[in-house]
Amino acid sequence: MKQRIIVIALLLASAGVQAQEIEGTIRYLVTHNWSKKMAAVDYISKQQRERIAYMWGNRSEWKMFANMYITPTVTKYEDSEEKAEPDDEGYSWRKEVFMVKHDYAANTMQDVVQIFGKTYIVEDSLRAPEWKILNDLKEVAGHICMKASWTDTLKQQKVIAWFAMDIPISAGPERFYGLPGLILEVDVNDGGMLVSADKIDLKKITTELDLPKKLKAKKISEAEYLALLKKHMDQKKEEEEPPFWGIRY
Amino acid sequence: MNKHAWLLALLFLCTALSAQNPSRVTIKGAVIDTSGDETPLPTVMLLNPSDSTLVNFTRGDNNGAFSFKNVKNVPYLLKVSYVGYLPLQQHLPASATETNDVGTIRIKPITNELMEVVVRAAKATLSIRGDTIEYDASSFKVPPGSTVEDMLRRLPGINVDADGNISAQGKDVKRVYVDGKTFFGDDPKAATKNLGAETISKVQVYNEASEQSKLTGVDDGKDQKAMNLELKEEYKKGAFGKITGAVGTEERWASRGNYNRFNTKEQFSIIAYANNINQTGVNWEDYGEFKGQNTFNDYDNGDFGFGGNRNYYFGGEDSDVPFNNFDGRGFTENFGGGANYNFDNKKTKFNSSYFYNQTELTLDQSAFRQTFLQDSTFSNTDTSSRLDFRSNHSISSRFEQEIDSNNVLIIKANTRFSHNDARYNQAQYFTDNNDLPSNSLDINNDNLFDSWRLSGSGIFRHRFKKKGRSVAVSAGYNGSKSDGTENLFSLNRFFRATTITEQIRQLNVNDNTGQQLKSSLLFTEPLSKKWFWETFYNFARSNNKVNRQVVDPELNNERINDLSVFYDNTVLYNRLGSSIRYSNNGLNATAGLAAQNLQLDGAYSIDRDMPLLTDPIQRSFLNYTPNFDINYETPFNLWLGANYNYEINEPQLSDLQPIHNVNNPAYRIEGNPNLGPQRSHSMGLNLNYWNPASLSNVGIGAGLNLYDDQIVYNQTIEVIDSIGVRTTTRPDNVSGGNNFNLYLWSNFPIVKTKLTMNINGDANLGKSLSQVNSIENETFNKGFNIRVGFNATPTQKLIFGLNAGLRLNNISYSIQEEQNQQIKNYNVDASVKWQFLSKSFFESNFNYAVYRNDRFNFNQDIPTWNASVRRILGKQNRLEMRFAAFDIFNRRVSITQNATQNYVIRNIAGTLARYFMLSASYNMRGYENKINKNQWW
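Chains as they are written, first to last, in numbering that gives the first Met the number 0: chain A, 0 to 248; chain B, 0 to 936.
Bear in mind the hints are in silico, worked out from the structure with no lab data behind them. Treat the hints with caution; some may be incorrect.
To be verified - Taking CB as the label site, the calculated pair distances span: (1) Pro862/B / Lys217/A: 51 to 59 Å; (2) Trp244/A / Ser813/B: 28 to 36 Å; (3) Asp178/B / Gly245/A: 39 to 47 Å; (4) Tyr631/B / Trp244/A: 13 to 21 Å; (5) Gln795/B / Trp244/A: 30 to 38 Å; (6) Asp189/A / Ala93/B: 45 to 53 Å; (7) Arg247/A / Ala791/B: 30 to 38 Å; (8) Asn324/B / Leu208/A: 36 to 44 Å; (9) Asp151/A / Asn324/B: 18 to 26 Å.
Every residue, glycine too, gets a C-beta built ideally from N, C-alpha and C.
Chain A with its partners taken away, still in its complex shape (with noise of 0.2 Å):
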């Protein structure tokens, strides 16, 4: 296992070096449906289920921005401040603190994450997930992208991915990574969620990179983030509660 990821390391970091170039932000509309959401739980029955579809229907969908700031070898994701719904009768949730930083060239993630609402900095090196490779293609904002998928048995997410073959960098929206390109489209659970890139905007990047100076967050390993999440999926799986309130989707 470990060797694997020293060899991927070490192909990200030779592959960083080809694409020298490609520095810029990408804008991703993010689209949550919530009766899509509460198809994928299984442990609530069917009947519910299919109620919830049947009643809520296009009401349940709602839209937001995020950014990904991409350098050949170190890239964030984060929430955007622009709104995507039009906000003429606006009223402003908290941000939820999110903020996904990935040195591929170091092997390394600093990701802050919140949980019920306590803020962590998941400080590890980077293990890719084992993605399937379809034969299928499409485009996603100007890029010929590649299909992939892979079943999160944890959160209970189906998740496919469309990476662009000619952006090689192996960072994605959210916390997908590890394909042989950018991720720019990833679909959640049959459009649980739909994390779209719509604007590709290619410019020197500056500061976007840093992570704030002002964070109060506890320091996690990815294994204790993950033990963190299992204890909460199990709890909602006990109380037959939907698991995806109070974490990241």
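Please build the complex by placing chain B on the supplied structure of chain A, with the hints as guidance.
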């Protein structure tokens, strides 16, 4: 196990040794175009051949040469991808040498038309399955009504000749399948000429072995092209429904059913119910399945400004579908049914529904009422019976069109026809201070009432180019008309007066019309990213014409002038306001001010064409109403909110009429044409805390109302010779009243996921001022309510609930302090749900209620116990049989105790008591074979 593992390891070792493969290997090769062009920097991946899992990847150099150094020597699937080329996969067995040179890999370009037309222009997904290339045909836009053939003509690489013969990549397509199956015989044109283009999601073209080689199993090399058309998901329709029938003892019966059909754009449903077990409408689950995507609506009545925020609401007051909201008194027989249609393609939303319902209520009740005067007290005991039939036809429609991303139009229209036929008999028995009988009054009233209501409104929203700047305009019309007759008879018998009996007969004919026109305007201007400035204007003009003609049937239906009235009342409402809003990262605050003008115009005469009784009443009220609202979400799951507003409520029409209503001669209701609007300072505070780690919640809130001009009902109580004790109420404005309330709720686990506790409490303190015989009476009301509950789920198949509540009401009267009293209601409730066999359930609920008022020595206990057993039958759990017992102790009655102003009242009504019921239900979707901890609709 261990033995096996050793054996396996040994086996592996042997194989490895015998093959003598190195454990690590370097894989290298080069990628080049089939025509020999260079493909610089290709992506090369090593996948696990069993499940395509990515093991390793690299990028080739400028000449396409690549290498994987020092990777595990196992079989791989080598995959090459390159923009504009078909992904290539080839099996790579474990290598016998330390370097595995795979040589030159030639990749095939994707035809230009597939790339440009399919992928880039139509944004369709291209899927490569061996030799099949398929793509999402729905991405190609064709005019509505086109056939598949019309669509195929547009697809790259496919040709359709004049006769409809299809060829793909130059070869004839011999077979066309639909969802993998032959479609009406062998003619490939049958499907393409007859199926609508909008039904197809994917087109797949592939090589199929010829019939000959299919038979022989020998590839004759004569591949032919075949095409598969995949149907869209939404054309795979769905349907669900259920039906229940039940019979019981005591002539009880019930039935209900619903049926729904839907696809991704449309929903259609019908529902019906009939019963005599006091289910007066539908429950929430039925409502949701009936209304479908229209269950939750934007609460958008177009009244912009303070108090007009958009929210989701569920059903609600104005709902056209009746909810089961029986108040526990009497017996009802109910029928209802309706149909609903929804359409939603994200841009256009339309829905329309019709509902009919009727309820016949038979109610016998007795009431005890004691009234306090400054120096005396009198009581009356009433027994009454009511037969009340109500029916409604409702039609409602809503249309929403997103014209483009900046313009939205919403149009709503509702109408309702109602009919009410009521017969009311009441016997009142009055006693004086010394408990001596004074008189008795028998009342016999018949009412017949028909009404019609129509409301329509339109809202248009426009967003400007500048982000955050928007304007919204609304216009609405409400119209109503009602006709009614009341046939009144009363007989008053005196025990001590000179007049022994007094008889009154009266016929009231009512004819009311109401019309309202209203319009609102809202303009939002962003001052910065966080600051917004809103300006709004509201206008409404309401006109009501009430004609109430009272005649005496004993005197040739001659009009009784002092009880008859025609009044024409117009209320003009204008409000102009402005507010500043700040919203950023969980902090939302609004401060604003509005100027509100109310203009009341009333003209009163005895009948429509008669001279006015008084000069027309013209009154105008100008008020400035400030409004503050702040909500803050802290980073640690704590929400805080505070608000203040100056509330103005215009007086009700019936309170303004300058004539008295004497449907009950002992209780006269008078109007007051000089009544002004009710004005109050209203403020609130609330706090909510959620701890997701410990799964606990706390909520605390407080509200305070200080009245400047409260509308109260002053009483004049006098002894009239021909009537006995007569109470006359008249509304008036008074200041000084107030009301304070406090609530608290919390739930938290005692044993996580197994045992939770919840506490709910509230307190209500109020002072109300009103006059009794021109003497000011201050009533202080202190109400306390606390409820503690436990919920236990020891296993997935067993749920217990236990909760207990106490409600106290202390009332003190300034005019007669010795009448101060305390009303107590206690209540304990225990329930169990138990899945005792895999498909069998036991459910039971026991409630013990105690009603007490020590001052009257009133003390009554009511235990009620319901229990049922049900079993789900059939492979797909579609049948359910249920046996239920209601009120096993046969003790159920309805008791309400209430005290306000200068009287205390207790009401006891009969209702449905013990019965047993057997029901059978069929559900197309199948019944849930478990107990749900939570009800997610």
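Violated constraints from the hint list, given by number and in increasing order: 2, 5, 6, 8, 9
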